Amino acid sequence: MDLESGIAYWLRWPSVEAFLAAYTWAWPLMEILHIAGLVLLVGIVGMFDLRLMGVAKRLPIAPLRQLLPWAAFGFILCVGSGLVFVTGLMQNVSMHPYVAIKVDLYLQIKLLFILLAGINLLVFYQSGMSRAVDGLGAGDDAPPLARAIGGISLFLWIGVVYWGRLVPWGI
Amino acid sequence: MTELLEAVGSSGFSMAWKQSTTGFVSMLAFHSIGLAFVMGISCAIAMRVLGVARAIPLAPLEDFLPLMTAGFWVSAVTGVMLLVMDPVRIVPDATLYIKLGAVAWVMVLIRRFRAHIFGEGAKLDSPAGVKRAKTLATQVLLVWGVALVSGKVMAYTWVAGYQTAIAVIIVTVAAGLVGRFLLGWGKPVNQADPSRQAA
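The listed protein sequences derive, respectively, from chains A and B. Heads up: the first sequence runs through residues 5 to 175, numbered per the working numbering. Heads up: the second sequence runs through residues 158 to 356, numbered per the working numbering.
Note that these hints are calculated values from the structure, not bench results. Quantities reported herein were computed from a predicted structural model and do not represent experimental measurements. Misleading hints may appear alongside valid ones.
Stretch-level coverage of chain B by chain A, calculated; a stretch enters the list once three of its residues show a Cβ under 8 Å from a Cβ in chain A [as the list claims (entries may be wrong)]:
1. 190-204
2. 209-216
3. 220-229
4. 299-312
5. 323-330
Ideal Cβ placement from N, Cα and C applies to all residues, glycine included.
For reference, chain B alone in the conformation it holds in the complex (with noise of 0.2 Å):
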């Protein structure tokens, strides 16, 4: 597995991205667009189903969703070309597997979503379909949440990935907390509004 790796590693293609002196970080710099624009997308529209800029009507936001997916297979070639041009580093890193199975996660959830959203007949006209989108719109900033960190400790030795992964966690909940508490999000709007209506 090993030689395998090296050897696509020392490939002709691999090589001439390595030594070429903006190849590597022109990809890397690459992948952070098209993550930009696939997360940043996606999660603005899982925050509107949540409840955020509820004045927003939710049907054109599917014109978006192009630029969402053309921002995804950026990132994905981009992390392709990555891994062949360093992968006897990447390939054995577990990491790589926990973000790999996010990203993969995120985008089935990010397909149920569309469908229940945006698809034939959206599913928002009852109390059980407004919960169910809502639950989908929170998987998807979780799991891509996932995928961030993963991603990103990566580059680090196991303990500081974990303890980042920790530290993350205590982050998010206190935000969380924050806004539950002193902004109060979550809390029920104000029906008798029509632009204040949920998902």
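For reference, chain A alone in the conformation it holds in the complex (with noise of 0.2 Å):
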């Protein structure tokens, strides 16, 4: 088997689609969850960005923190959802995932921006901005850096918003 056919072979799962065309209300409660899933991460990361960036600046850094789990829970439900979305996919659209990938482009670029993302997160820790900022007391200004880092996240995440509801279109 090569590369290509291995990929395609473990994209397709055939228990999901039978889960997905066995159950009316497995799709769209997938839906729900990715979008619960996605408020929560857009929602609590663009507060934590906008903080970096200088909005709510009353806010102290480190106790926002604690709100970071739970947009982690909440690309967790969004990962789980969309990986039942591409493995069930032929049940839904008559489509091989493979093929869908390859040329859906609006999935392809949600893709890369939800990598740039990731990239963007690695940088705001390696960088030490994510200690630099910890320190941020009320009425503090975020260094120079992790506000660009912040202002980036934020538009990453909502282009992964936008590119995301798009896809459908592309297929």
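The task is to assemble the complex, starting from two chains supplied on their own in separate frames and drawing on the hints.
Printed below as a string of structure tokens:
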């Protein structure tokens, strides 16, 4: 089995397709979980990014971090439901998920934005900005690099929502 | 009534948006972005009031409310435009009125919540005031849930819609039970620790 057919094999899960075929509520339930996850993720990460950018400066940054595990939970909800969409796609639109990923430009842009958001997060931690902003109290400005990282993060996550909503029209 | 809806659906404004290659989908996308802000910020504040991330001081969260309001208006305007593009299908759908009712209700709740938490003489210095704040926060989360589910199932048949609603209720209750008994949600905190004071 070559790499391409291996990926195509792993992307299509007949058991997920059977589950989606058997229960009409399964696909809309996954959509609802996907949106709930997105709301948690974008709402909370957006608040954190905006604070880095200078909004709500009365708020110290360290306590705001306590909300971030819920953003991570939102991301897990999105990834889990997204995997069901991909692996069970044949049941919904009669197209192999590998083909969909290859032809759907919107999905490709969405995945690229998620990758860039991940790299941006990595830069936030590796550059020391994560530790630097922890000490910021009420009224303090974040360092320019942290503000830039916050702005990029907000742009990328809004982009993920935008391109993600367009995915069904890209097939 | 049908003639009126058909007239709206075939109006120049509606046709221009429908025939645009990006008009309809962009409206959908901005509807979702607005929703993410209005729902995300209000849910995050409600969660804080319910005891999540207790170290966050409540008062500064008020500074996010203008963004929440902006998110609401983006969603509202794009929602009306989506309706105008396809009124014949959307307007007769009873689920639309559940969604609109839930959105109107949640806006009333948020106004009360805002006045209670951030208004003049915020009433959080008594157990009754804290209890009232938590009740409002719970209602905000639940009614947003109704708005989200009803909005999503509008694209499906009635049968799929109510089955999905039941599935969502089961998943929510199961998540609540897991949170309560495995993760300790809702258990009293150590009041001696000032960073862990209730709302």
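Query - Broken hints, by number - result: The structure conflicts with no hint, since it agrees with every one listed earlier.
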